[in-house]
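Number of protein chains: 2
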Amino acid sequence: MKKIGFIGLGLMGKPMAKNLIKAGFSLTVNSRSRAPVDELVALGAREAATPKDVAANCDVVITMVPDSPDVEKVALGENGLVAAKKQGLIHIDMSTISPIATQRIAEIEKQNGMAMLDAPVSGGTVGAEGGTLSIMVGGDESAFNACAEIFAAMGKKITYMGASGAGQTTKACNQIMTGGIYAVMSEALVLAAKSGLDPAKVVEVLVGGAARCWALEVRAPKILKRELNPGFKASMQLKDLRIVGETAHAVGVSTPMTALAREMYEAMVIAGDGDLDNSAVVTVWERMAGVVVKGKS
Amino acid sequence: MKKIGFIGLGLMGKPMAKNLIKAGFSLTVNSRSRAPVDELVALGAREAATPKDVAANCDVVITMVPDSPDVEKVALGENGLVAAKKQGLIHIDMSTISPIATQRIAEIEKQNGMAMLDAPVSGGTVGAEGGTLSIMVGGDESAFNACAEIFAAMGKKITYMGASGAGQTTKACNQIMTGGIYAVMSEALVLAAKSGLDPAKVVEVLVGGAARCWALEVRAPKILKRELNPGFKASMQLKDLRIVGETAHAVGVSTPMTALAREMYEAMVIAGDGDLDNSAVVTVWERMAGVVVKGKS
Numbered sequence: 524m525k526k527i528g529f530i531g532l533g534l535m536g537k538p539m540a541k542n543l544i545k546a547g548f549s550l551t552v553n554s555r556s557r558a559p560v561d562e563l564v565a566l567g568a569r570e571a572a573t574p575k576d577v578a579a580n581c582d583v584v585i586t587m588v589p590d591s592p593d594v595e596k597v598a599l600g601e602n603g604l605v606a607a608k609k610q611g612l613i614h615i616d617m618s619t620i621s622p623i624a625t626q627r628i629a630e631i632e633k634q635n636g637m638a639m640l641d642a643p644v645s646g647g648t649v650g651a652e653g654g655t656l657s658i659m660v661g662g663d664e665s666a667f668n669a670c671a672e673i674f675a676a677m678g679k680k681i682t683y684m685g686a687s688g689a690g691q692t693t694k695a696c697n698q699i700m701t702g703g704i705y706a707v708m709s710e711a712l713v714l715a716a717k718s719g720l721d722p723a724k725v726v727e728v729l730v731g732g733a734a735r736c737w738a739l740e741v742r743a744p745k746i747l748k749r750e751l752n753p754g755f756k757a758s759m760q761l762k763d764l765r766i767v768g769e770t771a772h773a774v775g776v777s778t779p780m781t782a783l784a785r786e787m788y789e790a791m792v793i794a795g796d797g798d799l800d801n802s803a804v805v806t807v808w809e810r811m812a813g814v815v816v817k818g819k820s
Numbered sequence: 524m525k526k527i528g529f530i531g532l533g534l535m536g537k538p539m540a541k542n543l544i545k546a547g548f549s550l551t552v553n554s555r556s557r558a559p560v561d562e563l564v565a566l567g568a569r570e571a572a573t574p575k576d577v578a579a580n581c582d583v584v585i586t587m588v589p590d591s592p593d594v595e596k597v598a599l600g601e602n603g604l605v606a607a608k609k610q611g612l613i614h615i616d617m618s619t620i621s622p623i624a625t626q627r628i629a630e631i632e633k634q635n636g637m638a639m640l641d642a643p644v645s646g647g648t649v650g651a652e653g654g655t656l657s658i659m660v661g662g663d664e665s666a667f668n669a670c671a672e673i674f675a676a677m678g679k680k681i682t683y684m685g686a687s688g689a690g691q692t693t694k695a696c697n698q699i700m701t702g703g704i705y706a707v708m709s710e711a712l713v714l715a716a717k718s719g720l721d722p723a724k725v726v727e728v729l730v731g732g733a734a735r736c737w738a739l740e741v742r743a744p745k746i747l748k749r750e751l752n753p754g755f756k757a758s759m760q761l762k763d764l765r766i767v768g769e770t771a772h773a774v775g776v777s778t779p780m781t782a783l784a785r786e787m788y789e790a791m792v793i794a795g796d797g798d799l800d801n802s803a804v805v806t807v808w809e810r811m812a813g814v815v816v817k818g819k820s
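Protein chains in written order, with the numbering used here: chain A, 524 to 820; chain B, 524 to 820.
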């Protein structure tokens, strides 16, 4: 069984690492905060001082960190994975970062005898804890096949999407839709509320037709009860929509709807609401219209 | 049993009228085209020469016409419903028109001893034929209750939304979401295609998560097979999004996402594609990016 390293034990990384231990893998961990490292060590993991040390002790290293510069530092920094000069090491980056940054890092790792897979996830902390994440993977297909058991320990639906960056581009498409749908839904809910309709009744009618979506089914009822805690933080949605903008520019696609949705998330974060759920972008429209979306029934 | 008039036997109106005959109602019809009138008369309906004549012979008159000016002409024109001076007549407008125009017409009809219900539908020709439309109703609640059997003959989910215009405002909220979701989905599909991913695989992954929606489930597979025939015509979606703009302005709600989506439908109609399905707005993005969204698998 492969020896696995796990770098980045945040809200997502910690439960994912726990699922690997549960599946019987020997785990070496490294993270910026003390508490989750202690927690994993108590469960049987070993600690390593740097990403380089993690790489030296493992066959596969997983990274789960916030953004492109974080992955770059862990992979290419002074005490990074590449510095371990470990031939055949597989690096699985499960963070959501830029496909372009991914391809750059993957190229350098390849030149150093490593293989990189980009394997961002969807499903949030609930999926991370339950081991039911959706995982979309790009990179070398034989490396992907070699890691099948590892992915299976963390996710339910695992899809190989193509060459390096293909996993991140798929995640970018997902984030276009989630962020865009919340922005569109905000306009419907605020129009309903300001027109004096019961937004709860409007949601009930709309989910019965062509407007049906996860956002209306799962998140709109929470908005109506003003339960705006995350789920998935708006500040992270903003980061992801910035990635979409860079990616679309790089491949030559104009994304005006996403650009506008991104600016609304920008306004939300500027207003100090970046730690709320991404569906709470409705507050931007509420502020513009001077109305609050609340269920009457 | 109430005697019903039906004005506007188009793609939606004709099957709705047939369902009323099937339910046992005595029907008087009036429409601009000859063929559907003959078809309904062959099924037992009577023909009337003008909306005024329809009103003179009926207890309830249903209108199903394209836009606000059409309803205004039928209701308030020289040979319109009001001209029949029939006390107690109920006018059910099932067209999708402006809530503001609706309230204006309803007020005049009320002054003339009539009651008007706005009762736009969703579910398309399939719902019209099967009698499974969703119907969202605004106007006087006792008039609504008096028409329960009539609605039941044409629809499945019938919801009373509130005062005059409330049905049309609910429909406007629905159209914000359908048009907006197609616009957002277009950006995801075109980014996937131009990045060299298999859009069919991307759709498969996305429907498994928070991006799940009717558009991805039902329409994206048709786009991937280039089946762009309507369904619901893009030119009608554009009309509906223009109604949203007027309505939002009137009540004081800013709807930038919908405004942008509307301009993309405008571009689609200008390009001569207004008779395609509303989901085919993806062609606007395809043209901008120089790529066609097609399934590889």
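Think of the hints as simulated: they come from the structure by calculation, not from any bench. Each hint should be verified, as a subset may be incorrect.
Identical copies go unnamed one by one, so any copy, or any two together, can satisfy a pair.
To be verified - Derived lysine-lysine pairs resembling BS3-like cross-links, with alpha carbons at most 27 Å apart:
{"#": "1", "residue 1": "LYS724", "residue 2": "LYS762"}
{"#": "2", "residue 1": "LYS680", "residue 2": "LYS817"}
{"#": "3", "residue 1": "LYS633", "residue 2": "LYS575"}
{"#": "4", "residue 1": "LYS680", "residue 2": "LYS724"}
{"#": "5", "residue 1": "LYS748", "residue 2": "LYS545"}
{"#": "6", "residue 1": "LYS680", "residue 2": "LYS748"}
{"#": "7", "residue 1": "LYS819", "residue 2": "LYS575"}
{"#": "8", "residue 1": "LYS819", "residue 2": "LYS680"}
{"#": "9", "residue 1": "LYS526", "residue 2": "LYS545"}
{"#": "10", "residue 1": "LYS817", "residue 2": "LYS724"}
{"#": "11", "residue 1": "LYS819", "residue 2": "LYS608"}
{"#": "12", "residue 1": "LYS745", "residue 2": "LYS526"}
{"#": "13", "residue 1": "LYS819", "residue 2": "LYS724"}
Quick caveat, the model's predicted, so the values are computed rather than measured.
Any hints from earlier that this structure breaks? Give me their numbers in increasing order, please.
5, 7, 11, 12
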